[in-house]
Structures are given as C-alpha cells and as structure tokens.
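Asker: The residues making up each chain are set out below.
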Amino acid sequence: MATPVIMPRQGQSVESCILAKWAKKVGDTVAVGDLLFSYETDKAGFEEEAKVAGTLLATFFEEGDDVPCLVNVCVIGEAGEDAAAFAPDGTAAAPAAEAAPAAEAPKADAPVAAVAAAPKENVFASPRARAAADRAGVDIRLAAATGPNGRVIERDVDALRAAVGRLPKHEEVPVAAEAPKAEAAVPAAAFEDVKVPNIRKVIAKTMHASLSEMAQLTYNTSFDATGLLSYRAKIKASMERLGLENITLNDLILFVVSRTLMMPEHKDLNANFLGGDTIRYFKNVNLGVAVDTPRGLMVPTIFDANLKSLNEICAEVKSLAKLCKGCAINPDLLKGGSFTVSNLGSLGIESFTPVINPPQTAILGVDTISPKVRAAKDGSIELYQSMGLSLTCDHRVIDGTPAAKFLKDLVINLENFEVLLAR
Amino acid sequence: MPKSQFVDPNILRSPGFISFTDIPVNQYKKTIADERANYTDEQLMNVYADMVFCREYETMINLIKTTSEYNGVAYSHPGPAHLSMGQEASAVGQALVLDTDDYSFGSHRSHGEVLSRGLSAIRKLPNDRLLEIMKTYNDGVIYKIIEKEFKNVTDTKLFATYFFLYGAMAEMFARETGFQKGLGGSMHAFFTPFGIYPNNAIVGGSADIAVGAALYKRINRQPGIVIANIGDGALGCGPVWEALCMATMDQYKQLWEGDMKGGLPFLFNIFNNQYGMGGQTRGETMGYDFPARLGAGITPNQMLSERVDGYNPLAVADATLRQKQAILERRGPAMLDVVTYRFAGHSPSDSSSYREKAEVEAWQEHDPLLTYRKALIEAGLAKDSKFEDILAKTKDELTHILKIATDVEISPRMNLIANPNQIGDLMFSNQKIAAMRDAQPDVLGPKESSPRVQQIAKKERFGIGADGKPVSKNKVFNIRDGIFESIIDKYYEDPTLISYGEDVRDWGGAFAVYRGLTEVIPYHRLFNSPISEGAIVGAATGYAMAGGRVIGEIMYCDFLGRCGDELFNQLPKWQAMSAGSLTMPVVIRVSVGSKYGAQHSQDWTSLCGHIPGLKVCFPATPYDAKGLMASALEGTDPVIFFESQRIYDMGELFHEGGVPTEKYYIEIGEPDVKRVGKDVTILSIGSTLYRAVKAADMLKEKYNLEAELIDARSINPFNYDKVIESVKKTGRILLTSDACERVSFLKDMAQSISELAFDYLDAPPVVVGARNWITPAHEIEDFFFPQPEWMLDAINEKILPLPGHVATANFTANEQLRRAREGV
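Quick mapping for you: the protein sequence lines, in order, are chains V and L.
Here the first sequence is numbered in the working numbering, starting from 133 and rising by one per residue.
Here the second sequence is numbered in the working numbering, starting from 6 and rising by one per residue.
Isolated chain V (complex conformation):
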C-alpha cells in the first residue's frame, strides 16, 4: 500500500520548510531508515528518514520549494501503484516511470506558492495598518500590537511612526541584478554561482536589518582572567571525581553574564526593543549563545540561564551546539533570547564589534586571552592573563554610561568569580 510522507512540523511556530535536497529520486528503492530528503526552516536543518520500505513512487516538490508543514512531500509504495491520490493539490502526480516527474508536480501546486508568500515572522496586522506602514515607510514588524488577538492595527503603526520617525524602507538590494553585467567579461570557468541556502538568506536579512535599524556602538574593556583560569583548572582536576562536565572558560563567562544581567540596574540590556514605545523586559535571562555551524551562524537560547548552575549551563551549551551542528535543533529553541554572547576568543580575536541579534538590545563579544603587564602594589611590573570583552549596545535604548557600568560590574564579577557562587 502506498504511504505518503509529510513535511514534518518542527516546532509550533513553523508553518513551512524549505526542501533542501532529495536523497532519493522517483523509482529508487527505499529501505526503512534511508535518508529521503533534507529540509530546513529559517533557523535549522533536518533530515527525513523513510519509515516504510518500498519504492519512491512520486515526489511532489523540488529542491528549494517552500513546503507547508503536514503536506505530502512524496509517496513510498510498491512499484506500479498509483500515487496520484496523495498529490497535495489533488491532481495526479506523474507516474514513477516517467523521467522527470518532479518537474511537473510543483508547478501544479499553486497553493503552496501562496503559502510561501506569507510573512515568515507571523506579523498579524490589519490591511489598514499595513497600508499605513507602507505609506509611512516604517517596518510593521517593529510595531507593538495592541489590536485584538495580538493584531497590529492602525494606531500601532501611528505610534511606531511617532516613536521612530521616518525610517528608511526596506528594499531588496539589487546586487544580483547588477552582478552579471559587471562580470560579463570574466570567463565562466572562473567562478561558480551558487544559490545561498535559506539560513544564509535569513542571516543576511537579520544582520542587515540589525545594523540599518539600530544605533549600535561597541565598548571594549578587559579583565584579569587569572581567577577564572585557576578555577577552571581546579574543576578540570576534580571533573571525574565529582561527575562534572568539562567546563570551559566560555561556560564560566555565560554563568557570570547571566548573574550580572539580573542586577536591576542592568535590565535594559536584558530586554527586547519592540519598536514604537515598547520595551519588553525579561524576568529571567534567556541567553543566546552564538554557535558556528557548517551552514552558518546559529544562536540557540539557554532559557532561564540565571536559574541554572554552572554545570547545567555547560551541559546545555554542549547539547544545543551539537543539535545545531547536526541540523536537528528545534526552531523554538532558536528564538526568545534576551541577550547574546558571542565568543571569538579561541580564534585569537582581540577585539571586534558584535552585531546585535534583533530585537535584543545588546550583545557581548568575548575576545582572546593574552598576557598584559601592570603595575603591582609594590610598584613592580607584573604580568597577568587578560581577557577582552566587546559589548555592543543599541543606543536607542542604552546610553553610554549604563553600558559602561554594566561592563564594569561584569568585570568585577568575573574577577571575583567565587563570590558569585555564594548566591
């Protein structure tokens, strides 16, 4: 009996996924556990394995298609069976015997295209509000929704406009259109045009929006890492005896950051600026951790990090990073952060300007450790291990002094790490 394979729903907020790559083609024999296709959301990639054995009878989408969740993607069954009934739009799919069946199916599937055109970020707004935002040139996603059911209505756009003034309208940069003309003379063999994966598109859009919409600036400082280093050495020595994780310097920093952010005077950094007149303050710290993956930057969230022990934080970071690298992260874990830490220290970076992950208000960059000299109490010169910190803040929310004060408190906490453990 023919069995359809649906596009799984990965997380409650996911409406559709991009079909990244087919591992099988129509007519191929499929065994249970064989990879059928890989797919990705805005933020994560996944693989779909066959749960039944048989022949791949029909595919309804092509690579690159945006497929609504729970819709049939392909059909497995015995060779010769009719799979047409499973076609998402009810029309017959090309039979397995034909050479290029996949080329037909998506074209016939107009409704899928309509779904893909829907906004990705789930902004519910009235038509009037959308028209008003369009006229005013403001980004409706930044409006604080006060309408029924969290809908952005006209007054929200008015409020947003009043708050931010006329912001530049998002327009797609026509790079792609320019490129072929400029490089027309270059021999075709000299380059390769590759379609960027969806995750790259999202990163591009988010980062560009971040820098174009916020007033970002970066504050640099450093601290004496001697204490941290010796504490880590102690843990390492007792790791097996106490059953502890392999706690890294980064874990220690995350721990200290999560505690420092809980100080009431630094609540502006543990926040989301929703645009208009609204700032969302978080009661706990949802700490975003930048993770480099082969597919690009991902930022999973450690929810309630301030309530978690060092060991718990360490374990969670490892698990999240693994999920990200393995393309198996639940998209719901890639959202909801209140502050982000990005660590480039292990790659020897001495200072950088991290880019804020909107709608957060700040991000902490962690730099490398290097020896520094300073005057000791007795007047002699001493050498110590110094670690750099680069804090980027959105000046629309956080002025220079509070940013500097946060860095100061953070440095104190990092240098007096053991005291924090008393809490």
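Treat the hints with care, as some may be off.
Unchecked claim - Incomplete in silico selection of chain L near chain V, CB under 7 Å:
#	residue
1	242
2	736
3	768
Claimed, not checked - Derived Cβ-Cβ restraints for the label pairs, each shown as a range:
#	chain 1	residue 1	chain 2	residue 2	range
4	L	763	V	349	42 to 52 Å
5	L	806	V	395	32 to 42 Å
6	L	414	V	214	31 to 41 Å
Said to hold, decoys possible - Just a sample of chain L residues kept apart from chain V, beta carbon distances all over 12 Å, derived:
#	residue
7	20
8	28
9	261
10	430
11	759
12	766
13	802
14	823
These aren't lab readings, by the way, just hints derived from the structure by calculation.
Using N, Cα and C, we set each Cβ at its ideal position, and we do this for glycine too.
Given the coordinates of chain V, work out where chain L should sit on it, guided by the hints.
Answerer: Then chain L, alone, in the frame of chain V:
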C-alpha cells in the same frame, strides 16, 4: 367588526338547520341539434378544429420529448412539458364563451387553455384590433417574423393564428422572440391582450392571484369576469382555501356600497383530471367525493357549484356561460367542477405506475376527438373526410411554425454574452407612475375631513423642542404619522390604490397607522381581509397584474411564513417572468414585533433580502418612513416595507427642520448618515438605530471615540457608496439589526464591505445581531436583542480594545466557535 352589524345572541343562539340545495352532476342533456340554436355551424366545427389543434400541439411536444423529432423536424427540448392530452374539450368549451375582457389564470398544465383561448380571441376580435395588438406586442418582433415567413397569408385571422402559435411555441423553447422572451417557458406562457393571464407552476398558485384580478375588475369598474383554472390536486393547498374565503367575503354584498356592491366577478373552475401528479384525489388523497361539493361549504348560495362533463365541450361551454351570466349579475363567485382526464402522464418521467392501462383506454374510448366528431357527423355538419383535412392542415401548420420557432437565426435565445444584464434589467421595472389609471379617486370627503389629518396638523414635526428637550409623545409627529401621510396622499392621487389586511379599517390597523382613513376612504378601497396572509399577498399580486396599485398589510413579521409562496415565488417573480410586460406596484407593509415572545417578535427582513425581485426597506425615523413610503407608492415594483413596533411613536430626531408637510421622496436603496464621526462606523438596519445612538454616546463618554452612524434604511437595493466612504475614513465598522445573527442580511453586508474596502479596514466588519434563539419574554428580551453594551463589547473584543472596558456579553472567538458548533 363594523358597528353597523349587530352580533345578536338571540339569533345566533336560536335552533334550526342549515339546508343545502342539490348540486347538479352532469345534468347537461342538449344535443348538437339543440346547440345549433346557440352556435353557428362554423363555431361548432371550430370547436372540433381547436381541440385537434391543442391535441396535435401536445402530440408534437410529446414526440419532441420522446423522439427528438416531429414530422421531420428534429429538435431536442430539455425543459418541462406537462401535457393535458385528453383535457381539450374542457379547455375549448370554456374558451368558446369567454371574451378578451374575461381574464383566465391557469396552472402548469395549461397549453390547451392558452391555445384555445388564443384561437377563440382571434375569431372574436376585429381585425384592426388584432393587427394593432400584433404590431405593438414586444415592439412587433413576432409580427415581423410571421410577416416575413408567411408573405402570402393575407387573411388576418390566419396570420394571427400563426402569430399566436409562434409566440407560444417560441416561449416554450425559451426564445427571445417568445411571448415572455423565453423567461416564462412552458408552464408560464400567457398573453394578456387576449385576456390570458399567467399560468402558474406552483400548484394552486393561481387561485389567490385570480381573486386579486377580480378585485381589480370590480373596484376599477372593468367589464368581464376572472377565472381561476386550477386542478383538483390544488384543492388540498391552504392558499386555495384562503382564496375562496377572500373571494366570497360577505362585505362585498353587505358593506360595499353603490356600484361596488355584490359578489366578486370570480369563477373558481376546477379542471378535475382525477390526479394530483399521481395522487388520486377522489378515493385517495381527498375526502370530498366530488369537488363540486366544496361550494356548499363556502357560501349560502353554494357558489352555484355544479359538476360538468368536461368530455363534452358544449356541456362545458353551457355551464361556463351560465356561471358567467350569474357572476355578471353579481350572484357570484361561482364554482365549476369540470370532469376530465389526461391520457398523458403528469410529465415525461411519469411511468403511470398509479393507474391501469385499461383505465386510460376506457377514457380514450370517450375521447372527445372521437365522440364529438361522431356527433357532428351524425348531426350532418360535415363529412368524415373533412375532419381528416383539419388534422392534416393542423399538422402542416405546426410543422412550419416548429421549424421557425426552433431556428436559432429566426428565433434566438437571449444573448447574455452580448447583453449580460438583460435578465438583471428585467428584475425591476423602476418606473415612477403617480396614478395607475386616469380616473377620479373614490373618496368620502376631502382629505382634511379626516380626523387624523386634523390631529396631525397640531403636531410638532421635529422631535426636539426649542428648549432642547424631546417633544412629548402625544404632540410629536411620529413614524406612523409619516407612513400615514404618504398613504393618504396617494389615496387622493391614484384611483386604483386599495389597501387591505387584517383589521385595517375601523380598527385602523393593529398599530393605528391607518387610523383616520376609514372616515374618508370608502369600503372598497380600504377593507378587512380574512386572516389569510397567503391570499393577502397573492391577491395583491393579481391586483397589480391586472393594472392596479395596492398596499397589503401583514400584521406581524412572524406571519410572513403564512404567505411564503406568494411572497417568495409570486410577487417577486412575475415582472421578470413576463419579461417586463407586467408591472407590480405592490407595497406589503410588515410590522416587526417585540415584547410578544417567540412567534410575534422576529425580524425576518433577511429572508426578504434574499429573494430576487423584491425591494426591501426598513425606515427608522418619521422623515425616512414618509419619504420611503412615498417612493414605494410611486414606483412599479414590489416593496416589502418593514416597520418596527418598537418605534412607531418615535419623533424625528435627525432631519433638520423636521418632517416636511409636502410630499417628498427618499430613493429606495440609499442609506443615510445619521451622525458624523471619525473613529468607527456603525451601520444599523431598522430600530437598532436608536441603540446604536446610545452605543455611540457611550463610546464618546467613556473612550472619547466618535462613532459615525449610518442607517441602512433599505436592504435591497442598497448603494454601498456612503458606507465604503465612511469605512475608508474610520477603518472600522460594526453592523447591527434585530435579525437573528446567523444568515442575517448584515452578514451579506459585512462580506461586501470586506471585499469593497479590504485595504482600508483596520479590523474585520463585525456583526451584532440577535441570538440564534427563540425570542424570549419581554422581561428577558435584553438578553436576546442587540444592546448598546453589546456593541461596545464587540468593538472591544474584535475591533479596537477599549482601555478598562468590562464586557457584559461574550464576543470572543471561542464563544463564536461554540455557538456555531452547537448551532445556536
């Protein structure tokens, strides 16, 4: 009701017996020889020729339906064909003694009646009149076709026969060249210049309509009688009983005065073919034995009821003529039970599972085409071969007409590609005619002598006094006054205007709208009807078909169910089904109740809004009520005029300067902005306007929001311009009426607004109607009908959250889903 009639207990309690006179059954005994004293030989031969004509016409249709061919002409007809083969003697006998002044209404099985009346009329009308009719009917379209096709025919009667046959046949085949441009079809062919009025595909549908035409003849002093030709199967229909009651009211003889006095010119003629479809009336589905018995249950003179042998055309002619004479002597209405039988099935799908072949064969032995022919031969009128000639000639004529009636070049159907609005343009006649006839209106005295007119003269015509306070109810010109003024004006302008309904005369209508009319309007123009809502609307339809203007009153909206067919099938459809040859200047006043529980408090405006062909309005202020009634009464279309019992005594609060004393018109279909605002639009239908005013006041006081109030005033037609303009401004709209919310007309409006103003909407249009329940007792009605608080609740929940608002009613999505899920 009338004070002149004393309800005397001494008489009513006296013992005695009701006696009946014998009802004649097939008592006709004359021979052809006897009838030669009454008819010429030519007439007697024509009776045979006409029967052949009817029989052959239907044979043709039967062959087309069953073999797609007649006499070498191939044609396929997908439409209905209810044949009357076997009944020709009844139709031809009746037509023999009718004139074009006599109006007949028929049923779905009336081909034979139409043809025989047509042939009879052609013989009776002078040639110049015939030519005039043919040249002017439908701008001479049929005339030109026949002129071109039959160049050599110089005999006007023969030409007219082809004209008539062609018009009927082209109509049956849905050609634009048919009598009703193909919009009537087989069951509805008619031709009023010959006195042939609409046949009706609803069983019994013609009964009450014909009563209305009879009223028209009497009240407007027109010659002739009106006949309702209906089948025995129709005798089980309630509206037929209502028609009999309304046709035979005592008041015609006892209360109508002068030349109006006497029984209505109405003949209730039953073509009794023994079956209602397949149900055998005598012996199975009815209990009357012979329908002729019914007359004895209706009036003391038993409606002069007789049972006649319908298989003898001269017996039918004899009885019809006697009844017609009695009717003209004002002894009617009369009744005939014409015994007949159809050989053909009810329709082509009839397998005659309900009767034996032997039964049909037995009747075929009595076939008038055989027996009457034999009688003519025996009487020496013609040789047998003559009859074969008649049949052959008829076949040739039918074949020729069939060829041109089915030729799409000569007889095209309506081209809805070239003229996409052609049917739409026929739904309403949209004329403005002050008086339907040119005559002096019958009145009892000058308008000013009405005590009501005198009382109104002392009233304040604006509802707010100079002191800024509302004028007291007794002193303010109110909604019922507004309606009254337009009606009394029209009474003095249009001599055909009549008004009737339950308790409209001395009582002045249950809600006193007509108070003060009984003093100045004679009985025959303002009268009480039986409690027969079906006949009230049906007779209005017939009165208008015959050429008059009429106001019918339905006392409570809830009673509309009692006139469902008349309101939804008859009144709205005949203008378009006649392709515009009939107009329908009918106003049905309907009072919408409250306080009176589940069966007296419903707002059924939406039902009327759904029906194509009705204009529907529901004014809520005296100014609008007067102006809309003036338009309704000036127009030529059926208008269902809703009035709310909640607000009859409401003064004018909106229109600056109050209600003018002179006549003015408010176009039906134009909503009115009652208050200007910028934040949210509230569109109301009917009396919810005043609750919307209250809601608007609360929005202003509590939330500083300015509501724009629009009173729909009309439901159909409806011009959305002002509403869309308002929504473009406010971006928000709430709609409210007292109709139960499910499938309420408001939902239709909300949908239209969503489409027309989508890009301007800041929230979906929100409907606040009554609950989908029975209307409860007055004391707890506020939980059923929309309240001002509900409007704020709905705005808060679905349109614009109101800071600190505390809801009284539940407008959440979950509740909406629950109600839908549970169907309440």
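Asker: Give a verdict on every hint.
Answerer: Consistency of the hints with the structure:
1. 242: violated, 47 Å
2. 736: This hint holds: residue 736(L) lies near chain V, its Cβ roughly 5 Å from the closest one there, short of 7 Å.
3. 768: Result: holds, 6 Å to nearest chain V Cβ.
4. 763(L) with 349(V): 42 to 52 Å: At 43 Å between Cβs, range holds.
5. 806(L) with 395(V): 32 to 42 Å: Holds, at about 35 Å.
6. 414(L) with 214(V): 31 to 41 Å: Roughly 49 Å apart at Cβ, these two residues miss the hinted range, so it is violated.
7. 20: At roughly 76 Å from the nearest Cβ of chain V, residue 20(L) sits farther out than 12 Å, so the non-interface label holds.
8. 28: Nearest chain V Cβ is 68 Å from residue 28(L), so the label holds.
9. 261: For residue 261(L), whose nearest Cβ neighbour in chain V is about 63 Å away, the distance exceeds 12 Å, so it holds.
10. 430: Residue 430(L) clear of chain V: closest Cβ-Cβ about 35 Å, beyond 12 Å.
11. 759: violated, 10 Å
12. 766: violated, 6 Å
13. 802: violated, 6 Å
14. 823: holds, 17 Å
The structure does not agree with the numbered hints 1, 6, 11, 12 and 13 stated previously, though it agrees with the rest.
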